[in-house]
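This is what each chain is made of:
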Amino acid sequence: MPTIDLATTSLRELNGMLHRLQRDTNETHWRVLNPRGQHAIAVGLDAPVLVEIEGHVGYYCAGMNKDAMVIINGNAGPGVAENMMSGQVHVKGDASQSAGATGQGGLLVIDGNAAARCGISMKGIDIVVKGSVGHLSAFMAQAGNLVVLGDAGEALGDSIYEAHLYVAGSVKSLGADCIEKPLADQHRAELSRLLAAGGVNGGVDISGFRRYGSARRLYHFHIDNIGSY
Amino acid sequence: MCGIVGLFLKHASLERELGTLLAGMLGTFCDRGPDSAGFAVYGDETPASMKLTLRAPAHYDFKQLVKQLENASGPLPHVIRDTHMVITVALAREQALRRRLCDLAPEITIVGAGRRMEIFKEVGRPDVVARRFGLPGMAGTHAIGHTRMATESAVTTDGAHPFTTGADQCLVHNGSLSNHNAVRRELRRHGLTFQTENDSEVAAGYMTWKMREGLSLDQALQASLTALDGFYTFVVGTQSGFGVLRDPIACKPAVMAETEKWVAFGTEYRALVDLPAISAARVWEPEPATVYFRERH
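From first to last, the protein sequence lines stand for chains U and B. In this text, residue positions in the first sequence follow our numbering: the first is 64, and each later residue adds one. In this text, residue positions in the second sequence follow our numbering: the first is 1406, and each later residue adds one.
Since the hints were derived computationally from the structure, they do not count as laboratory data. Backbone N, C-alpha and C define an ideal beta-carbon position, used for all residues, glycine too. You may find that some hints are simply not true.
Unchecked claim - Computed cross-link-like contacts, EDC-like style, restricted to lysine to aspartate or glutamate with a CA-CA straight-line distance of at most 20 Å:
id, chain 1, residue 1, chain 2, residue 2
1, U, 235, B, 1449
2, B, 1472, B, 1436
3, U, 235, B, 1508
4, B, 1472, B, 1449
5, B, 1666, B, 1700
6, B, 1415, B, 1440
7, U, 155, U, 174
8, U, 155, B, 1663
Stated by the list, open to error - Quick look at which bits of chain B chain U covers, simulated, 3 or more residues with Cβ under 8 Å:
id, stretch
9, 1594-1606
10, 1615-1627
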């Protein structure tokens, strides 16, 4: 297992090594030591490898991730897993603002809290936050799912399109065009799948969640396009 | 951009290292603010005395100035650090000294005054500025600092932070205020004076005014949430501690950390990585529109 110490290896060297990995590489498990809050650690990965980072990271960690699994044993700065395509990013601590921003796919799991704007403009990513999320989370969220086991801050889902939001705790306020919707069987099934994917096994009552989504008054939704969402 | 840092020591064991630790924190943010840097250190106090921090143009003859001042008022303990000098003066003689400074040396600016606070700020890279003033050798209970990437006004020493808000009080600001001209006009009507066109000086002036009206610093920070429009994270220093406030939409990043021995603030976690026992620290992001205050009693 390659272990890269960022106290002695530069960030560019690390990211270069990870970018050069072929999809069938045998070096499938990497450890990164001493991240010391540096920005853009393990961004742009596109091979199915596991990268474990031991400590707190700065901006944009695991951004644009494709197929890789990145585990952060610490807190993440702004924009963790931003624009993720696929794969999984797991933050064991808290995440700063804009976690999972514009994410197209894959799964982002945050064990602690996420700050403001979690899932802003998400486009297909699934995000499971075991703590609470800050204000303006899921702002203009287009597709994908945001699951929050704690509370949500002000203006949840402002100007939302077709993303699904599930919150177990309180919601300080809903943003423009975001409304509560019934938790039907297909939503319970979806939520159950997301919680299992996020490693939340048992102890969580699915009936305790409330679902939020778009009232579809603010954007030009047409029922004929429903299959596209 | 810009970077701000603050370090508050909970007990005495690290006080000799305060300057070294703060210099490390400031140096990290050379990339966030390469234009100018400044810091306020809360160190020893002399009973019944004030410390005045004076700033002069480059290559100024402070020794000659001290000689002239001492001729009129007797011995004045002082420390010269590059373009700044800290004079300790008996409380009873402070006003007379300020008047005499005004007459004798109009080119001198008093950048800060207090029982314990000393302020230093200059144009240049933060690590260089810290070295020029000998920050690593300074001791104290707490300190705040700022590295500036100029946006709203020119790169000048006058535009460098911290800005003083009264005796032993100062403010550093990360962000930009959008209504600073209107607030400045209003504050001028209340008799405040401003040395620059800088938006952050207006924030400092606003706190000064509110506290003059009888509010505590805590309350003044709360009041600023409605009066000041724009992006900001403020860190304010007082004689006994420091406070943090982020704007309601949390435009600017902020991280705090705490151990048994210290509480620290940084625009990013990077600034905190060399603090003692950081790996065991509790690290969190301060909530928007929430005043955090740490004081030593």
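Subject >> Given hint residue 174/U paired with residue 155/U - CA-CA distance at most 20 Å >> reply: holds (5 Å)
Are residue 1472/B and residue 1436/B close enough, with their CA atoms no more than 20 Å apart?
-> This hinted pair is violated, its Cα atoms lying about 41 Å apart.
Checklist entry - Within the stretch 1615-1627 of chain B, is the number of residues with a Cβ closer than 8 Å to a Cβ of chain U three or more? => result violated (count 0)
- request: Examine the stretch 1594-1606 of chain B for residues whose CB is less than 8 Å from any CB of chain U, and state whether their number is three or more.
  value: With 0 residues close enough to chain U, the hint is violated.
Quiz item: Does the alpha-carbon distance linking residue 1472/B and residue 1449/B stay inside the 20 Å limit?
Solution: violated (24 Å)
**Q.** Straight-line alpha-carbon gap residue 235/U to residue 1508/B, limit 20 Å
**A.** Judged against 20 Å, a Cα distance of about 58 Å means the pair is violated.
For the pair supplied as a hint, residue 235/U and residue 1449/B, is the alpha-carbon distance within the 20 Å limit?
violated (46 Å)
Regarding the pair residue 1415/B and residue 1440/B, is the alpha-carbon distance no greater than 20 Å? Distance ~32 Å between residue 1415/B and residue 1440/B Cα, so the pair is violated.
query = Keeping to a limit of 20 Å between CA atoms, is the pair of residue 1666/B and residue 1700/B held or broken?
reply = holds (13 Å)
- request: Verify the proposed pairing of residue 155/U with residue 1663/B, using a straight-line Cα cut of 20 Å.
  value: Holds: residue 155/U and residue 1663/B sit about 19 Å apart, inside 20 Å.
Checked against the numbered hints given earlier, the structure breaks hints 1, 2, 3, 4, 6, 9 and 10 and satisfies all the rest.
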